[in-house]
Amino acid sequence: MTDPLLTVEHLATGYGDLRAVWDVSFRVWSGRITALLGRNGSGKTTSLRAVAGLNPVHGGTMTYDGRPLESVAAHRRVALGVSYVQEGKRVFRAQSVRENLLLGGYSLKLRRKALESELARIYDLFPILHAKRDDPAGSLSGGQQQMVAIGQALMAKPRLLMLDEPSGGLAPSVVAEVMARVSELKESGLAILLVEQAVEAAMDVADHVTVIDIGKVVVNSPVHEIDDLEKIKDACIGR
Amino acid sequence: MTTVKWWKTLRAVPSWAYAAMLGVFLLVLPALQPGYSVTRQVQLTLILALVVSGLNLSLGYAGQLAIGQVAMYAAGAYTAGIISVAGVTDLLVQLLAAGTAALVVGIITGIPGLRLGSWSLAMTSFFLVLLVPDVVSIFEEHTGGQLGLTGIQGATLFGYQLTPTDFYLSVVVVAILWFAAFRNIIVSRHGIAFQMLKHSPVLASSVGMSVFRVKLTGYATGAIPAGLAGALFANLDLFVSLDAFGFTVATGALAASILGGSVSVYGALLGAAVVEFASSRSDSFQEYSLVFFGLFLLVGGVLLSGGVAGAVRPLVARLDRAAGLIGADRRSSGAGEGEAVHRIDGGLLEVTGVSKAFGGNRVLTGVSLRAEPGRVTALIGPNGSGKTTMLNLICGYYRRDVGEITMDGKPIKTAATHLIARLGVARTFQTPLIPRSVTVRDVVASGRYTVERASFAGAILRTPRFRAVRRRDRQRADEILGLVGLGHLAGTEAATLPLGMRRMLEVARGLAAEPKVLLLDEAASGLDEAEVETLAEVIRRIRDAGCTIILVEHNFGLVLSLADEIVVLARGSVLAVGPPSKIANDPRVRDEYLGTSDEGARPDEPVITAAGQESTS
Amino acid sequence: MTLIYAGLSLGAVYALVAIGYNIVFVASRSFNFAQAQLMTIGAFVAYTGHVTFGLPAIAVVLLAMIAVMLIASIEERIAVRPVADHQTQLITTLGFGTMLTGIAQLVWGSQPLDVPFVGAKGAITLLGGRLYTFELGLIVLAIVLVVVIHLYNRRMMSGLALVAMSQDDEAALLRGINVRKLAFAAFAVTGLLAGLMGFFIGPKTFAVATLGSALALKGFVALAIGGFGSFYGGLAGGFAVGLVEAHAARYLGSEFSNLSVFLILILVLMIRPTGLFGQLQERTV
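Chains as they are written, first to last, in the working numbering: chain L, 383 to 621; chain H, 19 to 635; chain D, 245 to 529.
Same shape as in the complex, but just chain L (with noise of 0.2 Å):
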């Protein structure tokens, strides 16, 4: 097995004094994708804040690329590769699509021009945001939402895709369609974290599991040797 792009041990994070997260190690590979599963409130979203920056790490390490990432500024991390698509589509509503994908790429630091060039890629894998570019995000539907968000972060030629509930509030074709492409980044070379509460969705195109809970992993194991699906779901629902 190569080395993992991304190594997270014994992270303990939170919000100011509110601890979410106290033990929670992962790992994600270049060409795979790891799933991180667990209940609400069981401390995924907090780990991927901290491993993109915006929360303090109080313990454990973060190893990105060979070298840690506790002491990158959030900014930085995007311009090393690390790109992280939070959940509630959190698009620039009063943007255009195409300034969005834009400012997708601000931390390749190219003109506008050579930017521009870049969106024929984006466009290539979200036909229907070419269609759209020139409304407002804030004016598409909830799935082509998730599509401006996930081409903003691969806009900035990411070597580590972090995507937080991308079918959260989706309807189940959208769903499949975001999981079909989020799967064809994989081929491409992309390591993928990808947070789920859609645990089967997220299980049939993951490599690998880490579940959590309570800030504390419970199940740590590549997909091929889990046998039987329910055990996720039970450690997910919190039983």
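These are computed hints drawn from the structure, not numbers from a lab. Glycine included, each C-beta is placed from N, C-alpha and C at the ideal position. Possibly wrong hints are sitting among the right ones.
[What the hints assert, rightly or not] Pair by pair, the computed Cβ-Cβ distance ranges are:
| id | chain 1 | residue 1 | chain 2 | residue 2 | range |
| --- | --- | --- | --- | --- | --- |
| 1 | H | G509 | L | E607 | 52 to 58 Å |
| 2 | H | V106 | D | I515 | 28 to 34 Å |
| 3 | H | H160 | D | Q355 | 28 to 34 Å |
| 4 | H | L321 | D | M400 | 33 to 39 Å |
| 5 | H | G509 | L | I608 | 51 to 57 Å |
| 6 | L | A513 | D | S402 | 15 to 21 Å |
With chain L fixed as given, assemble chains H and D onto it according to the hints.
Just chains H and D now, kept in the frame of chain L:
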């Protein structure tokens, strides 16, 4: 250690006693024949302190950025001057008229700014200062315009002409009375109400306060001392001119407030003394005065801790701890004995066919649920299923699009939040809302804001009724604190408690409201296992006392052990209803939680933000 | 027409203040109470450059811009960045502005100083009304600045980033935008512009230390009318305030001009709190 002993003795004396000593000293000062310049300095300082204390009340305590106090001061001064010229020289009448004038100006100009708060209020109130010269010149024949108002006659009291010493004593007495009243307001539930409002209007309305009314009360009350100060000022020099009411004075007063500590009663005296003393020093300081005022504002604002008074407080706390006056044990002691929960008449809460959309996004569609007295009804569902939205609809933070919500058969209109709270709906918040520098006991007592009313005037005069209500507030608070296991921390500053205790404190505050319905919004999140156990025990007791409890919770295990009835929401609709045994084995619920369901799916569900989190403005 | 020109040129001054407020507001949601004082300092520096040193106009403009940019940078570091909440920033920036006023008084005295304009202070006739060249300059400057800023925010990456930050600064951070640095840069740029504005407003308002407070308030009214964050709105609001003030002074008397503006402010706040061009904030709870 002798210092510890000294400190204990010092602390045994209540803080108002020191202020009282200062008052007595100022009253006997004329006997020491200190000379004209000293008494004049004292009078000017007290007059400024009155203006500043008004700022402390509205800005510091009520958190309203009202920085145009000087306009109220001018209104008082000109009113007093004009009626004096007209022959009304009795000081009491003068004070009454000036205070009323300032109050009227405050209310009229405050209403538009208060509706919006923050910057708008800051600007409208500051604008008043700009208007003073214009208004004065519009009424030039009465006010003397640019030249100043002359012809003011010496003040009288009940027909007697006041000597300069008499007048000095009058100024001291007015200041003493005002500061006593101010202090009484601040330590009363109304003072706590101001601080709750400042911390979060959402919190204030959740215990039944009319946010606008409390704001206006704070702002208008803050205008009164400025008016009184104006009357005293007019009678001090028997001359009123525009110089006394410009931007320099306005910023000076603000600087004095920040310097002494806006969130303090007696800090106003200190701040006013420094500013007045410095301004009177010499012409050279006057030139630098703006620079210094600006510096005070800048430094005071950056330190934020609240000026000199704020800097002293941690020191006092440290000495207290050293002297063993504050208990070091900050652990929860587990749920206490049960007798603290009186019989509660729970209300039957029924939600029928309620829908809600934000913009084009439908969050709730035709949701009905029924929460009965003496039962815990849990509301569960995945993220974004509409649970918190449902709570916010019941509390009135949102308007529902269609549907009906009733309590005991009577419809709850989509009225103001505080009116719904007064019907007997209490709640806790996902992020505990606990105002700073308020004790644990006062936080709980604040839940009783509408259980028993106590008037503002009663608080100032400390009427027997006020005292009785206060006694019951404290007694009830202590009983409830005992129940939730925080009894030993009653005197601690609540905001410094760890998260678990703050959650428990919110439950206690909700219980203090003697609610018919208690809504708990993720009360267990972030708690460790022992804390969850205590919380569950407390919730059971409240339920057994007869209260209707609605519990929004992610902790499935807790819900199963606690709930009598579970309502499962999925994508804005009710998926299943039933007792825990039924819900736990319902495959649809399990699938919904794990996202494998494909029935009735609907795109475009927004993520709902928690009610408490947006209260920063 | 002359009266309208007087109102528009006065309004341009307020619009310029509002532009300064808006840049800072868009970049960091803060309100810079000292904006008008920064402009006043610009006018003073322009006076010194013109009259005391006798520098050519272009040098004067550059001097004023750089000087005020430095002051604004200091302000960001000591009065804005260390203060987390926007309400307290109002107090600290007011403090900084007050200090500037005090320092200006110490350095330049309290007498109004007449700042010369490029060329002569000549009056021209336009569409049947008369106005001074510097008044025309003010109006043109306000309009040009707003158009330039609008284009900048649409065309340049840093402009797009600023608009993005104003919507969701955390999301902006996750796109690799150095939010703090950009907010600082925006503050410095408002200083740069305030220097330029000072050069233009000096001939109209004179350089006088006490100018700041009134300008700050009228600029806010322009902002309130136009809506926070809307540059075109601030421009329209500024012109509206200037016109109201000029007409009230002409027909009711000068002591009614401030009162009329105040009345407008109250009316706007009561009827349309978000301003004419502002967007309603969704979901406050």
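Now the hints, each set against the structure:
1. H:G509 x L:E607: 52 to 58 Å: The hint (52 to 58 Å, Cβ to Cβ) holds, given that H:G509 and L:E607 are roughly 56 Å apart.
2. H:V106 x D:I515: 28 to 34 Å: With Cβ atoms ~40 Å apart, the hint is violated.
3. H:H160 x D:Q355: 28 to 34 Å: Since the Cβ atoms of H:H160 and D:Q355 sit about 31 Å apart, the hinted range of 28 to 34 Å holds.
4. H:L321 x D:M400: 33 to 39 Å: Given a distance of about 38 Å, which is inside 33 to 39 Å, the answer is holds.
5. H:G509 x L:I608: 51 to 57 Å: 54 Å, holds
6. L:A513 x D:S402: 15 to 21 Å: 28 Å, violated
When the structure is compared with the earlier hints, violations turn up for hints 2 and 6 and for no others.
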